[in-house]
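Numbered continuously in the working numbering, the sequence shown closes out at residue 271.
Keep in mind the hints are simulated off the structure, nothing from the lab.
Just the calculated beta-carbon pair ranges, DEER-fashion:
1. H242 / K123: 33 to 43 Å
2. E147 / H242: 20 to 30 Å
3. K124 / N259: 42 to 52 Å
4. K156 / A252: 42 to 52 Å
5. L97 / Q76: 12 to 22 Å
6. R189 / Y250: 37 to 47 Å
7. E186 / A126: 31 to 41 Å
8. N258 / P214: 35 to 45 Å
9. R46 / N258: 29 to 39 Å
10. N141 / T248: 30 to 40 Å
Even glycine gets a Cβ: it sits at the ideal position worked out from N, Cα and C.
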Amino acid sequence: MSYPELTEFARTMRQKILDISYHSGTSTHIGGALSMTDVMAVLYGKVLNFDAQDPRWPERDRFILSKGHGVLGFYPALLGAGIISQEVFDTFQQNGSDLIAHPVMNLDLGIESSNGSLGHGISMAVGIAFAAKKQAKPFHTYTLVGDGETNEGSVWEAAMLASHLKLDNLTAIIDYNKQQNDGFGKDVLRIDNMAERFRAFGWHVIEVDGHDIDAIVEAFEEAPLNKPKAIVANTIKGKGVSFMEGDNAWHHNRLTKTNYEAAVAALNNSNNERSDNGNNV
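Sequences are here, hints too, so could you generate the full structure?
Spelled out as structure tokens, the structure:
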């Protein structure tokens, strides 16, 4: 099955990531935002149950960005979903803005949690999912976790508790781009077996190509029984911009006019190549 509207959503999000980063005039977390884009496009374009006109709707699904520095991959999703306006989006990193380098809880803007300290978001997501179970609420809770973030012990404490509580209303997506601030995950704290780790903690695990829209959709649709679900999304840091892909210098960097224009050109070339090859993403 093909989802051209989600492919286009992801393409637009990547363009917005470059735009917002460049116009902010500051260094931003670009690489990890580009790696999570396809997952976020599927989440906000197909999976999440929400009301863009009423972001506080009690029955809405909850999304927690545990990888808090990945906001460049979050705000364009909120924009594309119609939850925030272009006017609000354009204030990123400006004086007085509600959109800064890490998410700050603002339910009117669709931001469910404040996150900066890594490992906290998945813990909050477990609490929300457990509360929903206790109160017989129908909504589902989703959280996106960075693979470098799993260095934090609180991630595994939350994982143990979610399994123990049989939270089948909880889905964690791991952005497994295999790099973090200090280099490759396997060199920092041997992050080289993510799927096996979550299985060992009692989760239902699905491993996918994190840039294959069809595979991502199927992973979200698979419903485990009495277990939380972990989608291990194998991704590429800087995906979509050839000179950024796999280059950890773009974990956190500043787009000058020259490299912004080069990035936009590279993104357009990448999109044209996918169109010519008939690929989904």
